[in-house]
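Peer 1: For the sequence shown, my numbering gives the first residue as -4, with consecutive numbering after it.
To be clear, the hints were calculated from the coordinates, so they are not data collected in a lab. Positions of the beta carbon are idealized from the N, C-alpha and C atoms, including for glycine.
Straight-line C-alpha distance at most 20 Å; calculated EDC-like pairs for lysine to aspartate or glutamate:
(1) 4 with 67
(2) 97 with 25
(3) 4 with 14
(4) 35 with 67
(5) 79 with 67
(6) 29 with 89
(7) 71 with 41
(8) 44 with 80
(9) 79 with 47
(10) 29 with 94
(11) 35 with 25
(12) 71 with 89
(13) 44 with 67
(14) 4 with 21
What follows is a set of in silico ranges between Cβ atoms, one per label pair, in the way DEER data are often shown:
(15) 100 with 14: 19 to 25 Å
(16) 11 with 90: 28 to 34 Å
(17) 104 with 31: 17 to 23 Å
(18) 31 with 107: 21 to 27 Å
(19) 105 with 35: 24 to 30 Å
(20) 74 with 22: 23 to 29 Å
(21) 6 with 70: 20 to 26 Å
(22) 18 with 41: 34 to 40 Å
(23) 78 with 109: 37 to 43 Å
(24) 107 with 70: 28 to 34 Å
(25) 79 with 2: 33 to 39 Å
(26) 21 with 82: 34 to 40 Å
(27) 82 with 109: 39 to 45 Å
(28) 79 with 105: 33 to 39 Å
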Amino acid sequence: MNQILNYEKALSITGGDAELVSELLDLFLEELPKLESQIKQAIDTEDAKGLEYAAHTLKGAAGNIGAEIIWDISLKLEMMGRNKDMVGSQQTLEQLFPEIQKLQREITARQSSTVQK
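The task is simple: from the sequences and hints, build the whole structure.
Peer 2: Encoded structure:
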């Protein structure tokens, strides 16, 4: 089953470098509002190419940190954009936002517990 944040996967991707994972998590949180906005705008304006690009970018960032659920939803959005099939994109976006909120809470909790150690 896919996880909100698969930390072990993120560690594996970075060769076990916990400091790099921490930096990637911070960068992800920093870039997230821009990507959310780009995806929402692309859907609102029915910009399939813009949706494909923004969702692909989010998918890559999510993959780098082990955010498996976000990766899955981003892939769906990317394919909708690529296939110029915007039907259902709003519903998929509505699935994405609560998962992003869960991920943000998970990252914030992990980062604050790391700082306290």
